[in-house]
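Asks: One letter stands for each residue in the lines below.
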Amino acid sequence: MLEVENIYKDYDGKPLLKGISFQVNKGELVCLLGSSGSGKSTMLRIIAGLEVPDSGQIFWNGEDITNKPTHERGFGFMFQDYALFPHRTVAQNIAFGLRMIGKPKDEIAALVQKSLADIHMQAFANRQVTELSGGEQQRVALARALAPDPHLLMLDEPLGALDHNLRTELLKELRRRLHESRKPVIYVTHDQEEAFVLSDRLLLLHDGLVVQEAAPEIVFRQPANAWVASFLGLGNLIPAQSLPNGRLKSEIGEITFSEPLPYQPGQDLVLLLRPEDAILNQSGEKFLIQLEAIVQDAVFIGEAYRLEVSAGGTKLLIQSPRAVSIGEKISISWPESKVQHLSR
Amino acid sequence: MNLKRSKSLTWLLWLIPLAFLLVFFYQPLLAIFRQVFSERFSQGWQFFSWAQITKPLGFTLWQASLSTFFTLLIGLPAAYLFARFDFPGRKTLRSISLLPFILPTVVVATAFNSLIGPKGWLNLILMNLFNLNNPPLNLLNSMPAIILAHVFFNTSIIIRMVGNSLSRLNPHYDEAARVLNASPWQAFREVSLPLLLPSILGASLLVFLFNFTSFGVVLMLGGPQFATLEVEIYNQAMNRFNLPMAGLLSIIQLVFTLLITTIQNRLNKPRFGKAALSSERKTLKKPTTKWQKLFVVFMVIILIILFVSPILSLVSRSLVTFEAARGERGNVETGFTLRYYQELFKNTSGSIFYANPLAAIRNSLVYSLLTMLIATTMGLLSAYALNNSNKANRWLEPLFMLPLGASPVILGLGFLISFNHPPWTSGPYPILIPIAHSLIALPFVVRTILPALQSIPNSLREAAGVMGAKPFRVFMEVDLPILLRAIIVSLTFSFTISLGEFGASSFLANARTPTIPVTIFRYLSQPGALNYGQALAMSTLLLITSALGSLLIEKIRLPGEELF
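Line order of the protein sequences matches chains A and B.
According to the working numbering, the first sequence is numbered sequentially starting from 1.
According to the working numbering, the second sequence is numbered sequentially starting from 1.
Heads up, a few of these hints could be off.
[Claimed, not checked] Here are the computed lysine-lysine pairs in the BS3-like style, where the Cα-Cα straight-line distance is at most 27 Å:
(1) Lys14/A <-> Lys555/B
(2) Lys286/A <-> Lys315/A
(3) Lys286/B <-> Lys14/A
(4) Lys105/A <-> Lys14/A
(5) Lys68/A <-> Lys470/B
(6) Lys14/A <-> Lys290/B
Keep in mind the hints are simulated off the structure, nothing from the lab.
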């Protein structure tokens, strides 16, 4: 089990990590999700021993390994650019980690064969890695990282260098391989789709801190704050301010919830209104929010239409099951159960 | 102009530089061969003994190997220092370390003379400290002096070439190795070293080649008992007037040079694709551990001693009279003086044999200006010829590339044999010297202009042509503005090369038409404090001009262009 405790790290004199703590349990796949510059790669490098934290500790099965040299940790790491050794063949690249831990030659040969078979690349054993396509390089890099049977596997944006189609294809394969390996995995990405598909648990990093730590579904349903909702693109975010007695005021008017809100009066909030929860042209007591709007754009997106509407100057995105013409006046509503308020 | 005629104009582009090379490079080379083999037919192989060849050849190989070894000893850690560590003064120290490459050999020889020679600072300080009458150290005319000067010259090559690969080496390779359970030492041995090895080997061979063909340094710092092939060629031709012997040594020298260049070219080919050496990365770090700090401090001190002390010593010694005991008649004079510089510009034609310095400065300037024009014109034409993707190109390209390895001494010898008669030697400024200098500068000019030319997409010219520009207009409006930087660099380069050129000039500049480096050499081989001082003063002026030239080149040159 990996425990990360209160890690601080400055970069070029500016704080990058401001006290990060989390755990990775046996066989668990954890995704570090954040925008570029959020320090997620640095966090990974600190766990691998490629960088030293300014303060804080890393424990592996209770042992403090913060100052242990990289090569004694027994962790696997896959780089975004794969870093396959260009002066070695595919087989030699996979064998490298096995040689370093001093496995006997025949055992190495057998393990390399097995690795190559796992990625269906037996025929590539003696190829130069510089001759491989992006997808092949990615497979070899993963095989190389897994070959020495590491205690923990870390992947730094392993699909970042590939184009979209290949990405979707390899994501499925990656998911299968990682689950089959039954190893604890830390996966760094800025792509929420990858994170949702792969992870058991998500860690959202923002501004040097863990903003939310939960299973993907929970993160999706109950984002911890406005940044999470905005980063994941969950829907319309409308700035608001809390008032006493379950009320708040916003651009789209004053709203009264049936229960008191857990905020100080005057605190800055946002309302999250999801496009897919909007109900068109119905009215009644059951709706917390009802708005009159003019359709400005309508795009067919397959399962529905995506509408861009203007409600008294506030632009909103709405999902509609049927076509609506541009310029049409519509009413849109959200029931109280679908209106979320988040702190900023 | 119809299309056919414009095609024949392209041929003209070929013809001019080709004729220039045939007449001034291949013809003299042939003359050397003819000299040697006609001698062989009239005398058999009796005109020399094997020892006359094996001794200088053996010494050349030996000193080149030793010099290369010591250059690597300092150059590799220095390359690592500049590629990995950030420390105060890094940029300045790096610029200073790269300076020697452009310094004329006479300047370097004089600088080391002013440091370790009998009248140099080291001896003066020791004499003053211990009240001695004679210089206690005799470091001049020794192997260490030669090696020291070679290390001074060539460390910059290692720093540039190996440092470049080091800073472009993807740091993830080393990290990937360590994550795959390799210790730092294993990671270096198994991954970083093999990836850097081609550039280390390539740089070493280039350094070896430069040491192998070293002339001025060995002649001036080595003294009579040390003769490399080139020095022996000079001795045989200029002191013993044995041209066949000089020719034979030249042929041997040429064979070895070609051999080394061929191997070097093979090694220079990129081997691991773009992956291994990508664009420059931010790999600079402040030294953090105790060992790193110690390394940085140690290397900075070494580099300052190696690079700064000879130059400072030259400049300061040229401004100081410090005549101990048996100097000149009268009292011992010590202190600051501008006398050496003033003497340079006095038109005293005291000695018949050693021409006055003013004439040398005037001659050198005229030669440099002529070289500038000839080398850049020929370079431009050659670059255009080489840039054309003709069938004939593959045929003719080797003819153009061969002179790139030409040794100034062999060129001087060839010129001496072929052109030592009017009209080549007549007039106040015999055209022979600038032509020789142009041939030496030509490779640098071609290597500067050709990449710039290749960077111009042909569609630009076609677009201009479609819009109605005639070929000459196209050249003026499209090519010239893009090539301008490269042309200015070439002009500066050929000017500074000509100004400091010593090898060929030592054959061709006679007492009537001396150049600055030849005059410095003559001053230095004469006794007396004034001669010594004037050699220092002239070298200092040459040093300043060369440094300004290289500064200008560094400023204008596009990043990423390599000159060797």
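Asks: Now look at each hint and say whether the structure bears it out.
Replies: Quick rundown of the hints versus the structure:
no.: 1; hint: Lys14/A <-> Lys555/B; in the structure: 33 Å, violated
no.: 2; hint: Lys286/A <-> Lys315/A; in the structure: 24 Å, holds
no.: 3; hint: Lys286/B <-> Lys14/A; in the structure: 16 Å, holds
no.: 4; hint: Lys105/A <-> Lys14/A; in the structure: 48 Å, violated
no.: 5; hint: Lys68/A <-> Lys470/B; in the structure: 71 Å, violated
no.: 6; hint: Lys14/A <-> Lys290/B; in the structure: 24 Å, holds
Violated hints, in rising order: 1, 4, 5; the structure is consistent with all others.
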